[in-house]
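There are 2 protein chains.
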Amino acid sequence: MSLYKVPLMDYYFRMKELRIALAQINPTVGDLRGNVEKCIAYMRDARKYGAEMVVFPELCITGYPPEDLLLKPQFVSDNLKALDKVREATTGIVAIVGFVDRNEDIYNAAAVISNKRVVDVYHKMYLPNYGPFDEYRYFQSGTRYPVYKMGDVHFGVNICEDIWYPEGPTTIQALSGAELILNINASPYTVGKADVRESKIVTRADDSAAIVVYLNTVGGQDELLFDGGSIIADEKGDIIARGKLFEEELIVCDLDIEGVFMHRLQHPLRRQQVLNLEETNIEIIDVPVPKTTAKAKQKPKLPKPGFCPMEEEEEIYSALTLGVRDYVNKNGFKGTLVGMSGGIDSSLVATIAVDALGKGNVTGLFMPSPYTSRESREDSRALCKNLGIKLLEIPIEKIFKSYLDTLKGVFKGKKPDTTEENLQARIRGNLLMALSNKFGWLVLTTGNKSEMSVGYATLYGDMAGGFAMLKDVAKTTVYALAEWRNAKAEKFLIPERVIWKEPTAELAPDQLDTDSLPPYEVLDPVLQAYIEEEMSFDEILSMGCAPKCAKDVIRMIDRSEYKRRQSPPGIKITPRAFGKDRRFPITSKYKSY
Amino acid sequence: MSLYKVPLMDYYFRMKELRIALAQINPTVGDLRGNVEKCIAYMRDARKYGAEMVVFPELCITGYPPEDLLLKPQFVSDNLKALDKVREATTGIVAIVGFVDRNEDIYNAAAVISNKRVVDVYHKMYLPNYGPFDEYRYFQSGTRYPVYKMGDVHFGVNICEDIWYPEGPTTIQALSGAELILNINASPYTVGKADVRESKIVTRADDSAAIVVYLNTVGGQDELLFDGGSIIADEKGDIIARGKLFEEELIVCDLDIEGVFMHRLQHPLRRQQVLNLEETNIEIIDVPVPKTTAKAKQKPKLPKPGFCPMEEEEEIYSALTLGVRDYVNKNGFKGTLVGMSGGIDSSLVATIAVDALGKGNVTGLFMPSPYTSRESREDSRALCKNLGIKLLEIPIEKIFKSYLDTLKGVFKGKKPDTTEENLQARIRGNLLMALSNKFGWLVLTTGNKSEMSVGYATLYGDMAGGFAMLKDVAKTTVYALAEWRNAKAEKFLIPERVIWKEPTAELAPDQLDTDSLPPYEVLDPVLQAYIEEEMSFDEILSMGCAPKCAKDVIRMIDRSEYKRRQSPPGIKITPRAFGKDRRFPITSKYKSY
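Heads up: the protein sequence lines correspond to chains A and B, in order. Numbering-wise, the first sequence is residues 2 to 594 according to my numbering. Numbering-wise, the second sequence is residues 2 to 594 according to my numbering.
Treat the hints as calculated values from the structure; they're not laboratory data. Quantities reported herein were computed from a predicted structural model and do not represent experimental measurements. Any given hint might turn out to be false.
A pair holds if it fits inside one copy or across any two, identical chains being indistinguishable in the list.
To be verified - Derived lysine-lysine pairs resembling DSBU-like cross-links, with alpha carbons at most 35 Å apart:
| hint | residue 1 | residue 2 |
| --- | --- | --- |
| 1 | Lys245 | Lys590 |
| 2 | Lys302 | Lys386 |
| 3 | Lys590 | Lys117 |
| 4 | Lys386 | Lys17 |
| 5 | Lys402 | Lys335 |
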């Protein structure tokens, strides 16, 4: 009779393997019922593929970020009830589910559930409170970094920001025996961020000699856009699975847990670190292996991973497409309306809207004035024809005249100035809003980040609308996106002339943007330096910018905060977008020049 | 020959006294030069009164809150240069000055300066990160709570939030020997907050058996309003000095430091606490007594304190007056423009604006339509006559007709609805903005918190403007303020009929607010419960609100976030104002009913 309940060879030499499913889903903030249904549907699919474990993103029950909904006790309690519905559906599977835990205070948490039993709850330890994040406003920090033991497999769970700290839970959990780290995220997109994340995850995996699962959420939420792109790095730091960018996906993958032990044995640095590991009182918590899962012998074939690499323009274009689609759909709009000027901004906005929502859900509105050129009308028509969308035309001349007549007395003796230009823009704003009110369409504003930065836009005029798709996209990038889209279409979907003609607001005779602004090739780098990189005046000069130009641009940026404060939300794609990401006082006498 | 350098009797029995000056000033965010000049001017006055020490508010060098200016290295460095200018002016006096310290990271700090030498710098330990505050976004927490020894006087310095914690620096500094605690603030106003602060300060003073100086800043900064009202509580918890509310003031006071020792000797609880004080490694830092001060034998007579108690309406009215005055002046506007409707909101806004800025800086604009009643015109005229301001009149009928004509084709077959109502409001918004553009006036919007809450307002229409004075003032409070102002004037400054007639938007025939909303006496308590107190649906029902009413109101609040996001800033007067104080997602499917 053996001392061992299983045969010795089996005990020591069975190959440890885990089939894991990552639910890279798109929850909606506050839609507790919808989010629960989505989790349950993905769990069903995971089970279908024979996964023993399914992982969901950070705060997938509530959507991210729930902001001040978190300060409503009723919301927290409803979220707990929603989690319980997910728990009830975990028959025969282990699930890691992001939710808001309540225990004297509230926590950004992950429930570890096995076969309908909540085995443990992990609390996020590192709370981001920069950029668009306000997590100290809401959450208490966690203090425990347990290791979970599921049969032969040891794993650690942590949340988003936790993995960015080299001394954080990942390292401690891995040194304490976890072969697998599950890091769940709601990590917003910025251009090129995927590369930064990937090198971070790869480094963590290699440093810890552990398999690291990085699961991101996907979808748009007001100004934030989550880009998915989940990855799994093995214990050597090689990427073994990748999720799609900007799309929901269930990523199923077999993890060779045994390989981790093999690798660690050859890893002198890690063995040294374990020897030096201070007493951390790591809890080892048993996670029962669900019976039904254990029985599944013959595992189904895995789906092919859907990841495709993207060049920068495609990446940004896809981000904007998803952002506008989610804003429109999650807010229940029936369609969208774009004020078409024949310029590059409105052309790109309409094109992205059609790609995002289908041509039946986008209407163009052309509102000519006597300053509108023949080319603008032709180009607007050509574009809408190419896109297959309806173009309405409402001239503003009569209304403009009635304003001028009505104001004649009050303006007596005053020369025309920007007042009259703004009036035209505001008449257009009113017409767009009138159609929005009458037909239930969301107005997509067309201003770009360069204009928003320097205030080259009319409040309640071209700024009037519900969503500012290009709010964080510099003018030079607008051109690049238009050219990329045309190249993809293999034709001039956006008419050629729109791309090469000089930008103009057409609010006065022969007006050009360059009458008021430096050329965009000069302006955009200064904007990036001042806004995104917080460079000083002297540093901007050392880039080669003329002092007068730098001074004018900075002054325009500083003075336009009041306009930006009243602008609609748009999609963050840079490290410093306007909105919650850049919190400037309106009242400020600071001059950096 | 005596062992003591001073005669024994003198050494032990000299009366310790300190003449202190509190500079309750109104700095401007980013106006480093202006703030420095103000500090130096107040320091000069303090010296004139023979004060040995002068205290300035939290971040008085930069103004509060500087928000993301703090993330600009150049701003931090300019603030240090500004502090140095103040340092140079501290001849013969000890000054406590709020600034941003830089030492690897940045700190919300107070410099302890004696006669041109920075003796030490205190770093704020408790950083508020709730409501309108984001201090974790900016600052590192301090870790030291030194006690300063200036001649015979021991004092501790701490900053704002620090004193709200019973276990915070105040307690430790006092137990470690500080007889005097200097707590410098930029503490925003909310209705009745002065009482809360006072009882807290009195309790701290009594608990610590120390004199507590609570110095607040004063003035408006975007949505925040600092109300001054500095106080000094003696070691028994009695208030011995009070600063004015809503005004700058130099408060000079003689502090009987000797009394603290006398009191402590009779204070068994404190003696017990000192015995139990754990080893805290308190630093005792010498602050040289400036020579010139030490020489001043004959001290000048002190000015009388300017504090006057206020009833609630006067307090709110004063807050709004200061808020709008500072917004207009600090942003450099030449005048203001108010759209007059003959209703209570615009009447109150115009009245406050005149009280804040003088009648030469306020213009009224009456924009009648066919739905405008005779009474509205009469009441607008009567009010402007009473206030002595100019009332312009621009009818909107022609413009409205030109819109309807122009839209006829597109709207064919559609019935009139809120679209046409919004159009009228937006025409008025455009006219106000046209005058604003032409004459450089700031448009003061007239919407109140009740309307903002339920979205009973037109985006780009009556919401168009630069400053929303009543944004945080409920409709029922608007009435109370109007009545208070009339009572103060001892006449119907705001015409009687404006107060008793039914509120109406006059955008459709015979329209009343109650067509769309519950009466304000019913609505306002529900708004307060849901917004300011975060009550659940059931709790609101238990207040006696009908389920349909509660549901409708909550739905309207939740759905109007997109409007509020594009509204101009207004003055926070409640515990939960719209703006940075209440951060709600626009995209949210959460339903609490």
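Hints, verified against the model:
In this assembly of identical chains, Lys245 and Lys590 lie within 35 Å of each other by CA distance solely across copies; the values are 26 Å between and 47 Å within a copy. Taking the closest pair of Cα atoms, Lys302 and Lys386 never come within 35 Å of each other, the shortest separation being 46 Å inside a single copy and 84 Å across copies. In this assembly of identical chains, Lys590 and Lys117 lie within 35 Å of each other by CA distance solely across copies; the values are 27 Å between and 59 Å within a copy. Taking the closest pair of Cα atoms, Lys386 and Lys17 never come within 35 Å of each other, the shortest separation being 59 Å inside a single copy and 88 Å across copies.
Within a single copy, Lys402 and Lys335 get their C-alpha atoms as close as 33 Å, and across copies as close as 28 Å, so both meet the 35 Å cut-off.
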